[in-house]
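Colleague: Given these sequences and hints, build the entire structure.
Line by line, the protein sequences are chains A and B.
Sequential numbering of the first sequence, starting at 1, is according to the numbering used here.
Sequential numbering of the second sequence, starting at 1, is according to the numbering used here.
Any given hint might turn out to be false.
Which copy is meant is left open, so a pair is good if it fits within one copy or across any two.
Here are the computed lysine-lysine pairs in the DSSO-like style, where the Cα-Cα straight-line distance is at most 30 Å [to be verified]: (1) LYS23 with LYS161; (2) LYS202 with LYS335; (3) LYS148 with LYS192; (4) LYS79 with LYS203; (5) LYS203 with LYS161; (6) LYS202 with LYS8; (7) LYS79 with LYS148; (8) LYS203 with LYS262; (9) LYS252 with LYS148; (10) LYS267 with LYS79.
These are calculated hints, taken from the structure and not from any lab test.
Since this is a predicted model, take the numbers as computed values, not measurements.
Number of protein chains: 2
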Amino acid sequence: MSINELRKDYIIDRWVVIAPQRKKRPLEVVERRPEERGHLVCPFCPGNEHLTPPASLVYILNTNGTVKRERDTDEDRHKNWIVRCFPNLYPAFTPGESGVIPGLEGGLRYVRSWALGHHEVLVESPNHDEHPGVARVSQLIHVINALKDRVSFFMTRNYVKYVSIFRNHGASAGASLSHAHMQIIAMPVTPKVVSEELAASKKYYEDNNGCIFCNIIGEERRGERLIHENDNFIVFAPWASINPFEFWIFPKRHQSLILGLKEGEVKSFAETLRLSLGGLRSLFNDPPYNLGFHMAPAEYYHWHVEVYPALSIWAGFEKSTGMYINVVPPEEAAKLLREELASERGRIAY
Amino acid sequence: MSINELRKDYIIDRWVVIAPQRKKRPLEVVERRPEERGHLVCPFCPGNEHLTPPASLVYILNTNGTVKRERDTDEDRHKNWIVRCFPNLYPAFTPGESGVIPGLEGGLRYVRSWALGHHEVLVESPNHDEHPGVARVSQLIHVINALKDRVSFFMTRNYVKYVSIFRNHGASAGASLSHAHMQIIAMPVTPKVVSEELAASKKYYEDNNGCIFCNIIGEERRGERLIHENDNFIVFAPWASINPFEFWIFPKRHQSLILGLKEGEVKSFAETLRLSLGGLRSLFNDPPYNLGFHMAPAEYYHWHVEVYPALSIWAGFEKSTGMYINVVPPEEAAKLLREELASERGRIAY
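Modeller: Right under this line is the structure:
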């Protein structure tokens, strides 16, 4: 019996056991998991705009190929949109009045605040199934630009401390509607994982006068965890992956927010999303996954996307300890993804 | 539209949005989840002891009602056990040679160690379905005593820093075998969540010369999040519950480890487990759940059990931020559980 390896994340105090032997354990309790599309009318499909709140942003294609940015009014919902953002009907965070900054109340142990902020849906395409793993690159460029527009708006609200962008793919990864969409949450606190990354990268910056993520990118480019690289982006399986086949996508140029993405970088990011999520899809027959953006307005931070394939379950050990067991070494995951992405290139539509 | 509430954990820097409105959102992607028992022979049932490694501990009932502690040899597997512990066939952690203390190696960002430790299974009953929510209290007393025995053994190994006890109930909560069992992991690092609790409770102890958990127990005893209380234990829904219907079980007497449990407390703990897990079971028709023990050999720490019903999914937001959205306010969860536990009392067998 070989001894497993225990690895610590690059910068935060999070540990994972890399335990490939556990892959072989038998499963006696079987859960059949057929996913079926329900009989609800899809509220995100064109023609059903009245089923959602008025759009805070729609992109409409001009005849000359440029994009017009519009927003709905209560009376008038735009049609013919190619990307559409609107408040989530069941929001976790809701806007505050301008000028209101939520304070912390309660004593030592009972701290609370109002959940002021925004919770929006970004419908990624009028085509129900145009998820990033199969989408046209031209469509993903619109998605990224719309994300930039919304993040730019949210970050100027005085009650917003952090903006989270995430997507859930597949019912077992928490998607409640199957039409291709992301969610954006703007909130009054900086969440735990990002706070920890910020503290560690700030310390590194002060000690070394450089970005720790730039340094990590430099190392991973040369190594066995590299999955893909183009002019502007790099994809690799992180050293202490807590999920099987987890990968991270970084811009190679140092930048703290997606807001600074240049036109060529937007296209390069769109290609990278399509290729990496398409490769994951091809490798495992469209598996469920979650992804989240990490970004923060700090010179020492480096924005990136983390993709978590939902191929295993976080159970009692993970939930009670904040420590993880991963049965697929990231080096092995990277090899399979690297090979799959090489063939995926030929399947990309622009 | 009401504004949701944002709450911070009692002591660690973890936030949750209490968002009851989100309960009402429609689910279009439907996942049917029939759970069926597979056709594997159950390796944990009596008679199949040869399918597992030799037991590190078995309890055998003497004719006078006392318990005999034995261990298997490679040649001889005990039969007629009432509780049985053995190494997990697919361990995350494996024993090191005595004297070997795993060092940290790697540079700044590539820290690793060997996963030295133990990973054991504790079969809670010879009866396949005698889970704690339905078990006889007398059986649960054996389970708790066996946990004490094993924890006591693991904590004296010099390569062990922390011992985690957890259980997974139901396939969607990560149980791979349905026979009633817990797992014990002894490991060379203190995991993230417990490290954070230790740091916070140490600080409180130094500043106030008291235990922060004792203080919390005192407050929750009087409040609307109280679920159950007996002479020695208390059950309540925590202030910043990150899971719907989450509850925590604390011994009322200050103690850092389960090792100090007295005979009367063991019985009281067995009743509390049976009642609270049985109440959860009755309330939701045997839902999946995970539970984990938190304990540490530090005078300022107070051991407890955290129970996480698996009624919702941690998705992109939770995984990427370490922040949570809970659609059931803990006060509401406590009320329903409190009422259910009151009727559950009559169903307990001893």
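Colleague: If a hint holds in the structure, say so; if it doesn't, say that too.
Modeller: Checked hints:
1. LYS23 with LYS161: Result: close only across copies, 26 Å inter versus 41 Å intra.
2. LYS202 with LYS335: Neither: 32 Å inside a copy, 44 Å across copies.
3. LYS148 with LYS192: within (23 Å within a copy, 34 Å between copies)
4. LYS79 with LYS203: Close neither inside one copy (49 Å) nor across copies (58 Å); limit 30 Å.
5. LYS203 with LYS161: both (20 Å within a copy, 27 Å between copies)
6. LYS202 with LYS8: both (19 Å within a copy, 24 Å between copies)
7. LYS79 with LYS148: within (22 Å within a copy, 66 Å between copies)
8. LYS203 with LYS262: Answer is within: at 28 Å inside a copy they meet the 30 Å cutoff, but 47 Å across does not.
9. LYS252 with LYS148: For LYS252 and LYS148, the Cα distance is within 30 Å only inside one copy (18 Å; across copies 52 Å).
10. LYS267 with LYS79: For LYS267 and LYS79, the Cα distance is within 30 Å only inside one copy (26 Å; across copies 66 Å).
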